[in-house]
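Generate the whole structure from the sequences, applying the supplied hints.
Numbering (my numbering), first residue to last: 1 to 626.
Derived from the structure by calculation, the hints contain no laboratory data. This list has only true hints and no planted wrong ones.
Under the rule of at most 27 Å between Cα atoms (straight-line distance), these lysine-lysine pairs were calculated in the BS3-like manner:
#, residue 1, residue 2
1, 23, 51
2, 216, 244
3, 466, 498
4, 253, 211
5, 363, 583
6, 318, 592
7, 239, 253
8, 76, 51
9, 217, 241
10, 239, 216
11, 29, 76
Only a predicted model underlies this, so the values are computations on that prediction, with no experimental measurement involved.
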Amino acid sequence: MGASVVLSSSEETLSKMKSDCLKVWTDLKDYKKCCDVILQTEDGGAFAVHKSIMAVCSPYFRALFTSKISRRSRSKFLIPGVSSPMLQLIVHFAYSGCTQVTEDNVVHLLPAADQFNILGMLRDCTHFLLQKMDCENCIGFAEFARCFFLLDLEKAAEKYLLSHFVDVVTQSEEFLDMPLESVVWLLNHDRINVRNEELVWEAGLRWIDHKPYERKKHVDSIMRCVRLGLMDTQYFMEKVKVHKYVENNDSCKPIVIETLRFLWDLEMIGQKKDVVETPFLATPRIPYSILFTIGGWSGGSPTNLVETYDTKADRWIKVEEMDPAGPRAYHKLAVIGFDIFVIGGFDGNDYFNSCRCFNAVTKQWRDIAPMHSKRCYVSVATLDDLVYAMGGYDGHHRQNTVERYDQRTNQWTYITPMNVQRSDASATTLNGRIYIVGGFNGSECLASAEFYNPHTDQWTVTPSMKQRRSGVSVISHHGRIYALGGFNGISRLVNGEKYDPETDQWSSIPDMFNPRSNFAIEVMDDMIFVIGGFNGVTTIFHVECFDERTEEWYEATDMNTYRSALAACVVQGLPNVDDYIHKNRSGLMEEKRQKLLQQQAVQEARSRYSNTVPPDNEDADEENNL
Numbered sequence: 001m002g003a004s005v006v007l008s009s010s011e012e013t014l015s016k017m018k019s020d021c022l023k024v025w026t027d028l029k030d031y032k033k034c035c036d037v038i039l040q041t042e043d044g045g046a047f048a049v050h051k052s053i054m055a056v057c058s059p060y061f062r063a064l065f066t067s068k069i070s071r072r073s074r075s076k077f078l079i080p081g082v083s084s085p086m087l088q089l090i091v092h093f094a095y096s097g098c099t100q101v102t103e104d105n106v107v108h109l110l111p112a113a114d115q116f117n118i119l120g121m122l123r124d125c126t127h128f129l130l131q132k133m134d135c136e137n138c139i140g141f142a143e144f145a146r147c148f149f150l151l152d153l154e155k156a157a158e159k160y161l162l163s164h165f166v167d168v169v170t171q172s173e174e175f176l177d178m179p180l181e182s183v184v185w186l187l188n189h190d191r192i193n194v195r196n197e198e199l200v201w202e203a204g205l206r207w208i209d210h211k212p213y214e215r216k217k218h219v220d221s222i223m224r225c226v227r228l229g230l231m232d233t234q235y236f237m238e239k240v241k242v243h244k245y246v247e248n249n250d251s252c253k254p255i256v257i258e259t260l261r262f263l264w265d266l267e268m269i270g271q272k273k274d275v276v277e278t279p280f281l282a283t284p285r286i287p288y289s290i291l292f293t294i295g296g297w298s299g300g301s302p303t304n305l306v307e308t309y310d311t312k313a314d315r316w317i318k319v320e321e322m323d324p325a326g327p328r329a330y331h332k333l334a335v336i337g338f339d340i341f342v343i344g345g346f347d348g349n350d351y352f353n354s355c356r357c358f359n360a361v362t363k364q365w366r367d368i369a370p371m372h373s374k375r376c377y378v379s380v381a382t383l384d385d386l387v388y389a390m391g392g393y394d395g396h397h398r399q400n401t402v403e404r405y406d407q408r409t410n411q412w413t414y415i416t417p418m419n420v421q422r423s424d425a426s427a428t429t430l431n432g433r434i435y436i437v438g439g440f441n442g443s444e445c446l447a448s449a450e451f452y453n454p455h456t457d458q459w460t461v462t463p464s465m466k467q468r469r470s471g472v473s474v475i476s477h478h479g480r481i482y483a484l485g486g487f488n489g490i491s492r493l494v495n496g497e498k499y500d501p502e503t504d505q506w507s508s509i510p511d512m513f514n515p516r517s518n519f520a521i522e523v524m525d526d527m528i529f530v531i532g533g534f535n536g537v538t539t540i541f542h543v544e545c546f547d548e549r550t551e552e553w554y555e556a557t558d559m560n561t562y563r564s565a566l567a568a569c570v571v572q573g574l575p576n577v578d579d580y581i582h583k584n585r586s587g588l589m590e591e592k593r594q595k596l597l598q599q600q601a602v603q604e605a606r607s608r609y610s611n612t613v614p615p616d617n618e619d620a621d622e623e624n625n626l
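Here is the structure:
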């Protein structure tokens, strides 16, 4: 039998061989040893290199050196369309595999890499631009990418522009220099991330005001991009209809008339007999952020129901991809990227240390590492892509322990415990700290609060709330912490308060419409949303939102299902956002008309019923309801 030869290598060995080869070739080039060609530029540059190295780097050079037109003995080539500094960088990349990209050279280096089809250098330049992209340059990056057919960079720049719309149109000088066609494209886009249409109108005005004498004639084109029917009526009447560019402009009159007609029809929609179509000027845009609610307590048992909220259409959507592992309530959610982490909870029998993860893009559920402790009524916060689980109830004891999850290692680690045992508390992050407030310690509802500093691994007591709150929900918003609702040991609360870390004080805010505890809370469209919960009598599905600027609460559309002990989170920038939004956007006005008709029918039925009830019985009912 002949001897067998076993060839083995490792990635480490191959990497070292590659590094050694590049170093040898670089030394040969630097000392002009074994060089077989000189590359020249039109500005006088000359570089002695090796044909084989340059051919590996670029199809351009490979074709140049192997073409039948070129004589094999030819030792000099003039390279057109590239400067000496750029060719030097290309040669450096060919020998080292590294691109020396700077803010000063990238606009010249990228076209050179494109000219010579050096894909590695193109990737490096594109990555550099992506890292440098901001509100002031994303429009220019998109134009630059289009010139060189860099589709990935163009898409990334457009995505950045749409998702940072308000910052771009208020800060960028590039926006002011955009041509009309590009401005119309932007303002008309369904996916601009904007809280309301007033901001779209003001963006258009900023563009016109930059060159008013040239651009004011285009105000009708700007108006057609704005969903005027979704504006606040008073704003439209006072800031749009009588604007100096609009009031005496004949091209704008049909748009104003159409909007006024729609606003009138909206007021009278309940009296309409025919189907009402939703015009373009009232068709909501696609939301950038989607609110998810998962699980909870409904109909006397836990559920694994998943619903999303489309804030632009004000509609709730049932999601088919419920957790196959089963229902859970009194849990919490955390978000990192497109992953939604479900932490702890209770299914009516078992207290969970198990955790699950739902990816909103792939729609796949999976297990992640379990916590060290079982935690029902747990509080959860996310800081620097780490998930913190605090307190809770394990079926025997209320806890003060805290553990932290790192998705990169899929591990939970204990950190310093809190100063107080807390279950049914709530946590949020602000200024690099984790704040937790309220809860229940096993004997009384709590008003106390404390914060965690991850740099010192210490908990610090902060001023207590004005009221005891168990089953409270807290969230940070505009530099303050809002604590809403809860149970004080006697009744469910309708009030709320906010904490200002600068003054180190709590102050009251206006009451909600509904008392509630064990509800979900999130911030969407710059407003605080409270969702579901328990009102002291029954589980509710009511949703309301608080606008800090007006200090008023507004009703939003109810969830599809009554739920308390649910959890909510917000996921931003989903590439498949269409899967989680209300589909029939053109039918929103008809849906509203049908809802009003149903409400009218219910009111009429109640009225007829009350008229048939004898007065004595009515009095008895009122007495019984006192």
